[in-house]
Structures are given as structure tokens and as C-alpha cells.
Amino acid sequence: MKHEIQPGAEADSDEALDAFIREHAESAYHPCGTARMGAADDPMAVVDPEARVIGVEGLRVADSSIFPRVTNGNTNAPSILVGEKVADHILGRVLPRDNRPPWINPDWRTAQR
0 MKHEIQPGAE ADSDEALDAF IREHAESAYH PCGTARMGAA DDPMAVVDPE ARVIGVEGLR
60 VADSSIFPRV TNGNTNAPSI LVGEKVADHI LGRVLPRDNR PPWINPDWRT AQR
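Quick note: the sequence shown uses numbering that gives the first Met the number 0, first residue 0, plus one each step.
Since the hints were derived computationally from the structure, they do not count as laboratory data. Any given hint could be a false lead.
Below, computed lysine to aspartate or glutamate pairings styled on EDC-like, alpha-carbon distance capped at 20 Å [unchecked claim]:
| id | residue 1 | residue 2 |
| --- | --- | --- |
| 1 | Lys84 | Asp62 |
| 2 | Lys84 | Asp40 |
| 3 | Lys84 | Asp47 |
| 4 | Lys84 | Asp97 |
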């Protein structure tokens with residue numbers, strides 16, 4: 000190594016390194032999962048199961064912030080799905096629960112399609 004590129008000689012303490020990291024670090028993930036969904040009596044919940052902000056009348060959250068965890072892929076399509084689902088709740092067009100087990104291709108280990 001010829002020379003240090005970052006953070007540089009001025010970052011000579013834990014505090015200076017922490018400050019550099021806070022200023023320059025970023026994630027490849029899209030921000031999501033910051034508004035927990037749960038019951039009204041859950042002190043950590045921000046929205047209820049219909050995406051209504053708890054304690055605020057007439058406000059819902061319909062984006063990736065209500066995801067329970069980071070998705071494996073891009074967040075665009077799941078975010079659109081959340082928006083569509085919340086819109087259905089607002090319009091009273093909620094689909095009935097489907098208790099059928101998911102279909103799994105018996106050849107899933109050896110075939111893609």
C-alpha cells in the first residue's frame with residue numbers, strides 16, 4: 000500500500016473514525032422496515048395491520064418502511080404491492096384470506112420452469 004486514501008491522517012481517534020463512518024458510509028439496500036406494523040398496544044408499532052398510523056387519524060403508510068425485513072431483491076415491485084394492498088383497504092376491497100397451501104413444483108430442485 001502506497002498511502003491511505005480514506006479516512007486520512009486526521010482520523011486518528013475512535014471518535015474521528017466514528018465521525019468519518021457516519022458521514023461517508025452508505026448501504027446498497029434501499030431503506031425499509033423503519034415503521035413496524037403491529038397492534039395498537041405494541042409500543043414499538045407505528046402502523047396497525049391496515050397501515051394506519053397509530054394515534055394519527057386519517058394517515059396511512061403505504062411504502063417499504065412497513066416491510067418486516069429487507070427483501071432479497073429490488074424493493075420497487077414489493078413497494079408497489081404494498082401501495083396496492085393499502086389502497087384496497089382504503090377502498091374496502093380487501094381480498095378474503097386464502098388458506099390454501101402454496102403450490103411447490105415437485106421438480107423445483109432440478110428444473111427452473
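Quick rundown of the hints versus the structure:
no. : hint          : in the structure
1   : Lys84 - Asp62 : 10 Å, holds
2   : Lys84 - Asp40 : 23 Å, violated
3   : Lys84 - Asp47 : 14 Å, holds
4   : Lys84 - Asp97 : 15 Å, holds
Hint compliance for this structure: hint 2 alone is broken.
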